[in-house]
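K.L.:
What follows is the residue order along each chain.
There are 2 protein chains.
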Amino acid sequence: MSKKTTESRHSVLSGKKDPETLAAIRGVAADIHKVAIKGGKPHVAFPTRNLSNVRYNPKNGYFELGKGRKSRQLTVGTAKTFAQTLKMMALSKELIEGDDFATKRDAYYQSKNWGEARFDEQVESDTIMDDIEALVSLDGVSREQLRFYPEEHGGAVAGELVIVDRDPLSGDTIEIDCTRQGTGSYTIPHSVEHLGFKTNAKFILAIETSGMFQRLHIHTFWKSANCILVAMGGVPTRACRRFIRRLADEKKIPVYAFVDCDPYGISNIYRSLKVGSGNAAHLSQFFCVPQAHFLGVTPQDIVDYKLPTHPLQDVDIKRAKDAIKNDPFFQSHKPWRDAIELLLKMGVRAEQQALAKWGLNYVIDEYLPKKLAASQRFLP
Amino acid sequence: MSKKTTESRHSVLSGKKDPETLAAIRGVAADIHKVAIKGGKPHVAFPTRNLSNVRYNPKNGYFELGKGRKSRQLTVGTAKTFAQTLKMMALSKELIEGDDFATKRDAYYQSKNWGEARFDEQVESDTIMDDIEALVSLDGVSREQLRFYPEEHGGAVAGELVIVDRDPLSGDTIEIDCTRQGTGSYTIPHSVEHLGFKTNAKFILAIETSGMFQRLHIHTFWKSANCILVAMGGVPTRACRRFIRRLADEKKIPVYAFVDCDPYGISNIYRSLKVGSGNAAHLSQFFCVPQAHFLGVTPQDIVDYKLPTHPLQDVDIKRAKDAIKNDPFFQSHKPWRDAIELLLKMGVRAEQQALAKWGLNYVIDEYLPKKLAASQRFLP
Numbered sequence: 010m011s012k013k014t015t016e017s018r019h020s021v022l023s024g025k026k027d028p029e030t031l032a033a034i035r036g037v038a039a040d041i042h043k044v045a046i047k048g049g050k051p052h053v054a055f056p057t058r059n060l061s062n063v064r065y066n067p068k069n070g071y072f073e074l075g076k077g078r079k080s081r082q083l084t085v086g087t088a089k090t091f092a093q094t095l096k097m098m099a100l101s102k103e104l105i106e107g108d109d110f111a112t113k114r115d116a117y118y119q120s121k122n123w124g125e126a127r128f129d130e131q132v133e134s135d136t137i138m139d140d141i142e143a144l145v146s147l148d149g150v151s152r153e154q155l156r157f158y159p160e161e162h163g164g165a166v167a168g169e170l171v172i173v174d175r176d177p178l179s180g181d182t183i184e185i186d187c188t189r190q191g192t193g194s195y196t197i198p199h200s201v202e203h204l205g206f207k208t209n210a211k212f213i214l215a216i217e218t219s220g221m222f223q224r225l226h227i228h229t230f231w232k233s234a235n236c237i238l239v240a241m242g243g244v245p246t247r248a249c250r251r252f253i254r255r256l257a258d259e260k261k262i263p264v265y266a267f268v269d270c271d272p273y274g275i276s277n278i279y280r281s282l283k284v285g286s287g288n289a290a291h292l293s294q295f296f297c298v299p300q301a302h303f304l305g306v307t308p309q310d311i312v313d314y315k316l317p318t319h320p321l322q323d324v325d326i327k328r329a330k331d332a333i334k335n336d337p338f339f340q341s342h343k344p345w346r347d348a349i350e351l352l353l354k355m356g357v358r359a360e361q362q363a364l365a366k367w368g369l370n371y372v373i374d375e376y377l378p379k380k381l382a383a384s385q386r387f388l389p
Numbered sequence: 010m011s012k013k014t015t016e017s018r019h020s021v022l023s024g025k026k027d028p029e030t031l032a033a034i035r036g037v038a039a040d041i042h043k044v045a046i047k048g049g050k051p052h053v054a055f056p057t058r059n060l061s062n063v064r065y066n067p068k069n070g071y072f073e074l075g076k077g078r079k080s081r082q083l084t085v086g087t088a089k090t091f092a093q094t095l096k097m098m099a100l101s102k103e104l105i106e107g108d109d110f111a112t113k114r115d116a117y118y119q120s121k122n123w124g125e126a127r128f129d130e131q132v133e134s135d136t137i138m139d140d141i142e143a144l145v146s147l148d149g150v151s152r153e154q155l156r157f158y159p160e161e162h163g164g165a166v167a168g169e170l171v172i173v174d175r176d177p178l179s180g181d182t183i184e185i186d187c188t189r190q191g192t193g194s195y196t197i198p199h200s201v202e203h204l205g206f207k208t209n210a211k212f213i214l215a216i217e218t219s220g221m222f223q224r225l226h227i228h229t230f231w232k233s234a235n236c237i238l239v240a241m242g243g244v245p246t247r248a249c250r251r252f253i254r255r256l257a258d259e260k261k262i263p264v265y266a267f268v269d270c271d272p273y274g275i276s277n278i279y280r281s282l283k284v285g286s287g288n289a290a291h292l293s294q295f296f297c298v299p300q301a302h303f304l305g306v307t308p309q310d311i312v313d314y315k316l317p318t319h320p321l322q323d324v325d326i327k328r329a330k331d332a333i334k335n336d337p338f339f340q341s342h343k344p345w346r347d348a349i350e351l352l353l354k355m356g357v358r359a360e361q362q363a364l365a366k367w368g369l370n371y372v373i374d375e376y377l378p379k380k381l382a383a384s385q386r387f388l389p
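Note that the protein sequences, when read in sequence, are chains E and V. Quick note: the first sequence uses our numbering, first residue 10, plus one each step. Quick note: the second sequence uses our numbering, first residue 10, plus one each step.
Bear in mind the hints are in silico, worked out from the structure with no lab data behind them. Take the hints with a grain of salt, since some may be wrong.
No copy labels: a pair is met if it fits in one copy or bridges any two.
Claimed, not checked - Here are the computed lysine to aspartate or glutamate pairs in the EDC-like style, where the Cα-Cα straight-line distance is at most 20 Å:
1. 121 <-> 310
2. 76 <-> 331
3. 327 <-> 129
4. 315 <-> 125
5. 232 <-> 108
6. 343 <-> 310
Input sequences plus hints: build the corresponding full structure.
P.N.:
The following block contains the structure:
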C-alpha cells in the first residue's frame, strides 16, 4: 500500500490492530514454517466448501461446515497456488496493520505486483480468498476481520436506531441517528464489525423492496410501531445480513421478514437471511440471522386478503419443489412445508405491494398492525 | 387511499399542494371535458416516445423530444385505455392532494379497484404512466411531481454536503450532514424534488462502483479534495441522476464521472448520466447532467498508467462501434470518437480498481490528484 495515506490515516475501521485475527494468520504461518525448516513439505488443510460438507444444526439454527478438509501441500505442481495463498494472507496482515481494507477486485489487482505469484483471472484470487475465509472461520474469524470487504454496501436503514461509529476524519466516536435522515436514509457500510448500537426498538423489519421501504419510512411506520426498517433490496448483501445479525444479537430483538409471497422471496431471500446458503456454510456463523421470522406475505395471506396474483412460472414451481424435497431448513419445519404446498396448490404468487389494492397505505393501517398483533403465528 | 393515515400525515414530500402540477392535470381534463359536453369525441395528443422523435440539442446538451405526437381518441375500441389514462391522472391528483406517492407497482395494484378500467398486466399501466409523464413533461412537470416514484432509491452520498429536507415526523426542516455519517453514508430518497443543499464543495465525483466509493469515503478523500462523493452503483437510477442534476444546478459545481474504462462505462453509464437515453428523451430535461465531464478511467489512462486489462468482448466491440456510428452525442464530440477508436484499436478494457496494481490507495495519492489538476483535459 502507499505509505503516504497509510501513515496519515486514522484507525477508523477496527480502531485496533485486531490481535485475534493476526493470531489466526500467524498460527497458519507458524505451522508452515515449522515443517519447512525441518525440510518437510508444508501443507494447509482447508475446509471443503460444498454441500457434501454442510449440515443443518437446528439447535443454533443454521448451516454449519462439516469436518471435510482438502489439503494443499507444497509440491512442484502446487508451488504457485501455495505461494498465492501465503501472499493473500500476508496482504490481510498488512491490511490489518495499516487499518485498511481490500475488495475481491482490489486484491486481484494488488496481485499484479506479486511477480510469478500474480493471478491471471479474478476467479482464481476469489477462490483462494474463500479458502482462507473458510479456514479462519474455524477460529471464529470473518472475512471482514481479514479486511477483505464485499464490493457492495448493505442496503438502507431508517427508524428507531442510533448507530455508534468512528469518524473517519477525527477518529472520534460518532453517533448517527436513523430517525434524523429526513426522507432519505442511512446506508450500511461494507463492513459493520466496528459498529455499536443504541435502540429501544421492539423489532427489526427486513423489507424486500425499496419501494415498500420508502412507503413505511415516509409515513414513519417506524415511529408508530417502534421498530427499525431495513431495505434489503432483494437477496440481502453480506453487509446487510451481518448488520441485522449483529444488531439483533446485541439488542436481543427479533427480526421480521416482509417479502413477496413467491418461492424466490421464501427460499432465496428469507432462507438466505435466516440460515445462510449451502455453498457458503462457513459464513453462516457470522451472516445468518437465526432470530428471523417470516411476517409475510404468506400463502395464507393471499387467501385472507384476497390479493391480486400472478401465475407461478416453471422456475417458481421447480424452486418450491426443491425447497420441500432437498432443503434441510424447510424439511425441518412442517409449517413451512404446508405453506409451500398451499402455494403450489394455488399455483400463484403475490408481491408485497399487492396490498395496495386495498389502498396505498392499507399495509400501514391494517395489514402490518394485524400481523404484528399475532407475531407468534409468524412462519419459523 | 386510506383516510386514517392520509389525515394524520404531515405534508413531508412537497410540503405544498403543488399547484403547477395540478394545473397541468386540470388542463388536460378541461380540454377533454370541453369536447365531451359538446358531444364530440375527446382525444389526448401524447408525444411519441421513440428514437424517431428525438433530437440532440448541443446547446443545452441533451436529447429532446421532437414534435411527433400520437393521438388517443375516445372511441368504442379505445374506451378502456382512455378511461385508464384518466384514472391514472386522477390518481396523480389524489396523491398530490394527499401528499402521498405511488410506485409503478403501487399504481398497477391500485387499479385493481378501478372495476372495468383495471389493468391486467403491469406493462399496460407502466406504458400509460410513461405517456402521461411525456405529456406533462411538455409543461416542465416531472413524473416525481405527479407523485409517481421509482421503485429504486438513488445510491449513496458522502462528503462536503448538508442536505436540507423535511422531517417526516414533525414536518419541520431538518439538515443532514453527509460528513457526519461515520463509515456509513446517506441514501438518496426516491424523490429529491423537495431537497435543498448547503455546500462549499468544488465538485461532485460520480463513482461507478460501490467498492471505490467506500475506499474514497473511508480515507476521507472528500475532505482533502473538498468534494461530494456519489456512488452510482452502475447505471445511475432516476433519483440518483436527478439528485446530481439538482445539486449541480443549484450550487453551480461541475460533475466528474469516475467509471470503468469500457464501452459500458462510457456509453451506458456516462452517456446516460450526461445526456439521457434515446427512448426516454422526455426525461432528459429533468434527469440528464449536462455539466458532467469524464474524469476517467480513459483509454489513454490504460497506456499512461500501465493498467491491467481484460480483452474486449464482442458485445463491448458492438457497443463501441454503435456509439461512434449512431450516437449523436459521441458523433458531436471528436475527442470521444478518438478515445473510443483508441479503445477499439487496443482491444482491451480496464476497471477503475485496476489502479490498485500500484497500491490500494494509489488512486487517492496519485491518480485523482494528478487528474483533477488538469480537469480542462477531461473528456466532454
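K.L.:
Indicate which option fits the pair residue 232, residue 108 if close means a Cα-Cα distance not exceeding 20 Å: within, between, both or neither.
P.N.:
Intra 37 Å, inter 19 Å, cutoff 20 Å: inter-copy only.
K.L.:
When no copy is specified for residue 121 and residue 310, does a C-alpha distance of 20 Å or less occur within a copy, between copies, both, or neither?
P.N.:
between (54 Å within a copy, 17 Å between copies)
K.L.:
For residue 343 vs residue 310, is the C-alpha pair at or below 20 Å within one copy, between two copies, both, or neither?
P.N.:
Only inside one copy: residue 343 and residue 310 sit 18 Å apart there, 59 Å across copies, limit 20 Å.
K.L.:
Given identical chains, is residue 315 near residue 125, meaning Cα to Cα at most 20 Å, within a copy, between copies, both, or neither?
P.N.:
between (64 Å within a copy, 18 Å between copies)
K.L.:
With identical chains, the pair residue 76 and residue 331 could be close in the same copy or across copies; at 20 Å between alpha carbons, which is it: within, between, both, or neither?
P.N.:
Answer is neither; intra-copy 26 Å and inter-copy 54 Å both fail.
K.L.:
As a check of your reading, is residue 327 near residue 129 (CA-CA no more than 20 Å) within one copy, between copies, both or neither?
P.N.:
neither (37 Å within a copy, 25 Å between copies)
In summary, the structure is inconsistent with hints 2, 3 from the numbered list given earlier, while agreeing with the others.
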